[in-house]
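Engineer: Here the protein sequences line up with chains A and B, keeping their order.
By this note's numbering, the letter at position 49 of the first sequence is numbered 417, and the numbering carries on one by one without gaps.
By this note's numbering, the letter at position 76 of the second sequence is numbered 444, and the numbering carries on one by one without gaps.
Incorrect hints may appear among the rest.
Each pair may be met inside one copy or between any two copies, as identical chains are not told apart.
With a Cα cut of at most 20 Å, we get these calculated SDA-like pairs of lysine to any residue [what the hints assert, rightly or not]:
#1 K574 to M503
#2 K622 to A483
#3 K622 to R635
#4 K473 to Y413
#5 K654 to D508
#6 K473 to G647
#7 K473 to G605
#8 K552 to D401
#9 K552 to P398
#10 K552 to L399
#11 K478 to M464
#12 K552 to P400
#13 K574 to A585
#14 K639 to S627
#15 K552 to S521
#16 K654 to Q384
#17 K574 to D508
#18 K473 to A581
#19 K574 to P509
#20 K420 to L378
#21 K473 to K552
#22 K552 to V377
Think of the hints as simulated: they come from the structure by calculation, not from any bench.
Protein chains: 2
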Amino acid sequence: MGLKMADDVLGRGLQQIQREIDDTFDGLLPLPDDNSIQLVEAMRYAAIGGGKRVRPLLLATVAEMYGASRAAAVFAGCAIEAIHVYSLIHDDLPCMDDDDMRHGKPTLHKQYDEAIAVLAGDSLHALAFEILGGMQVSTDPYVRAELVHALASASGHKGMAGGQVMDIAAENARGELDLHTITKLQQLKTGALLCAAVEMGAILGKVPEEGRAHLRAYARDIGLAFQIADDLLDEEGDEELAGKALRKDADAGKATFVSLMGIEDARQQAKALSEQAIGHLSSHGKEADLLRALAKFIVERDR
Amino acid sequence: MGLKMADDVLGRGLQQIQREIDDTFDGLLPLPDDNSIQLVEAMRYAAIGGGKRVRPLLLATVAEMYGASRAAAVFAGCAIEAIHVYSLIHDDLPCMDDDDMRHGKPTLHKQYDEAIAVLAGDSLHALAFEILGGMQVSTDPYVRAELVHALASASGHKGMAGGQVMDIAAENARGELDLHTITKLQQLKTGALLCAAVEMGAILGKVPEEGRAHLRAYARDIGLAFQIADDLLDEEGDEELAGKALRKDADAGKATFVSLMGIEDARQQAKALSEQAIGHLSSHGKEADLLRALAKFIVERDR
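Chain A extracted, bound-state conformation:
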């Protein structure tokens, strides 16, 4: 699951954070005991192995830029990843996107059953806030409360969950949506959590409110670039590498950035957004190099 990138030094820096996230997440996830073997195994099955950890990478990269400890950033990163994993589990359910494969293995409701999938998702959702409410993420309670508020706002009806409802409606509309609506939908469905990752990094780094505008602009641009890249991978990607079924949107006649803009324009747009995101970091020096590398990785990734 390494990050392939042009610059090896930066790539290794991000891979190192990725590894720390994987190790810490492993430690934070519960171990099965007599009462909860199946539930806990299901949580671990969904959470470990295969994820790119993009949201924790963003969070940790921003936090470290402003001098927050790596350990704190990795803990908070595990919380946002727990939210991301729970959302994938619920999105894959038969009543939602009805997907059979995720990260190269059967989806959770295929491996266990639907009830376990709903409850393992709910448990990871709660785990995220248990992590953020606890002392390990920060001894400063103000930071903990702010992190909770940022993550809960981004994942609920005003963010990710609201976007998923719009996405289901889009599926039913069969391609009748315009670019404006798709942009709005994706800003909620994937953008809100990516923005929260950057915001949470800023909270851990104690960046004052008035110093966050350029980070938010960066987050908005890479959020959109990320989704366009996702649509491109869905159209052109390798199903084995992706570890999930591709081209479902096209087959369902669902409007995406690629169906509306065409492959070439979509690719140009993703690249332009990535460059624009990097442009927002112009007031920073070398300390923002990892964040710049992430903006490139997000559009150049192969899965």
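Chain A is already provided as a structure; the job is to place chain B on it using the hints.
Structural biologist: What follows is chain B alone, placed relative to chain A:
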């Protein structure tokens, strides 16, 4: 949805809190806008009307006993009620208990569809932590972070969600469980959140850790009494008053306190636990009268 109780003054005191919870919850729940009409309507459909608000009542009663403001207690009460409502929505799903009626109206997946029910539950789950992470519940960030941690621990795999997995396993075991296992299961499934309600009240009331033992003992006893009373209502209650299907457990051959102890012993046990709970409050004077009244209400309620 009034509380019927012997003592009218206490009953009115609790009803007043109930009304404030209903009003505040209404204000905290989002209003539909263009992007989220269906999701937000579904959240409101499930959250408003019909609930007894037992968890917020407990929370607010404990918090006020220790001098916390009513407004703060009611906000935190809405957060724990949001968790309770989300858990009912998910428990009612076809892949779980598959219930058609709740609070006298169709369950959420019957009124809308399964996808909306999963996502409205997820959105209420997030809303709970958005409320607790925000300033309205307390200006003291330490209190907010503690509330988050208490609620997330009680609702996740170690508490409510873990108990629901055991409950599904119990259903499959068709009556082969003993009293010890049922007690353990119910301590997780319903007990953990009732205990969290009392704990959150103590956090808001800034009760020092070493002064909470009697409150925890009270919470454990009423948690068990509550569940035995639930099993009795399931066996003997009025389906119209309950607003949901009853006697499903007996029909499914599922072990409950009543099937294992018999009706008469179960009733005695619930009463004894309620009295034992009240006994734990002996160091308190009149300021604990509402909490004593709640312990009685929990076993004497008719729905």
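Engineer: Against the structure shown, which of the earlier numbered hints fail to hold, in ascending order?
Structural biologist: 5, 6, 18, 21, 22
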